[in-house]
Amino acid sequence: MSGHSKWSSIKHGKAVTDARRGQLFTKLTREIIALARKGGGDPETNFGLRMAVQRAKDSNMPADNIERAIKKATGEGEAADQMIEATYEGYAPGGTAILLQTLTDNRNRTVSEIRAAFTKAGGSLAEAGAVSWQFEQKGVIVVETDPEQAEELALTAIDAGADDFETFDTSLYIYSSLARLEELRKALSDQNATITSSEISMLPTNTIALDEKASLKALRLLDRLEELDDVQRVFSNADFPDNVLEDYRRED
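The C-terminal residue of the sequence shown carries number 255 in the numbering used here, and the numbering is unbroken.
Hints are computed from structural coordinates only; laboratory data are not their basis. Misleading hints may appear alongside valid ones.
[Unchecked claim] In silico SDA-like links for lysine to any residue, alpha-carbon gap of 25 Å or less:
{"no.": "1", "residue 1": "Lys189", "residue 2": "Asp172"}
{"no.": "2", "residue 1": "Lys220", "residue 2": "Leu231"}
{"no.": "3", "residue 1": "Lys75", "residue 2": "Ala89"}
{"no.": "4", "residue 1": "Lys123", "residue 2": "Arg223"}
{"no.": "5", "residue 1": "Lys141", "residue 2": "Asp166"}
{"no.": "6", "residue 1": "Lys30", "residue 2": "Val114"}
{"no.": "7", "residue 1": "Lys30", "residue 2": "Val143"}
{"no.": "8", "residue 1": "Lys30", "residue 2": "Ser135"}
{"no.": "9", "residue 1": "Lys141", "residue 2": "Ile87"}
{"no.": "10", "residue 1": "Lys30", "residue 2": "Gln104"}
{"no.": "11", "residue 1": "Lys141", "residue 2": "Ala131"}
My request is simple: use the sequences and hints to build the entire structure.
Spelled out as structure tokens, the structure:
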């Protein structure tokens, strides 16, 4: 799954630019509001909200923004639009699966924009259930580390209940069940690990290796989908060649 994780790492790196960070904060705010409305505004008793708040903190979102979003959801602040959660599925060039999680106040607009993105890139929107079976929900923690520390931290993670791990560049990716995610984060924090993110993700159970031509088309599609305002998360089972991803890293 290294080609997939490498794409995730590069995507995260691009998100730190000012323009993308602003868009990310908007999406994080929407997610916090939706989860607070669904399960209440107390992160201690609302697991989904707790994870969203942690993701926002990992992305350096100001605490005031987080608090304001929760207040909007619970009626203590300025009213927020009602958002509907929806999942969409499709195929990228090369036949790889794409899973989209969205929050929208207008489903017709959202599906129209998503369909247009797929069509323009040579992909296709699929029926519900067409590709979702190829993904499983997992907790993912990313730790910034050097090769010497990576092995020790990986062993700590396994002892704390991690299912698997892999390294890429200076990042250690640790995978776990949702039930173990917070315990695992604490164990790594106790070892003074530099945790850059921890979140609930949809991981592919199998990946599909793409050639250079299909990879470029798929990456452009994934980027286009990420940039849509209503799209919260994009998941793919594509496995990209290293040289294509290196070129992609330099683009922006």
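Checklist entry - What hint numbers does the structure not satisfy? => result Of the numbered hints given earlier, the structure breaks none, since each of them holds.
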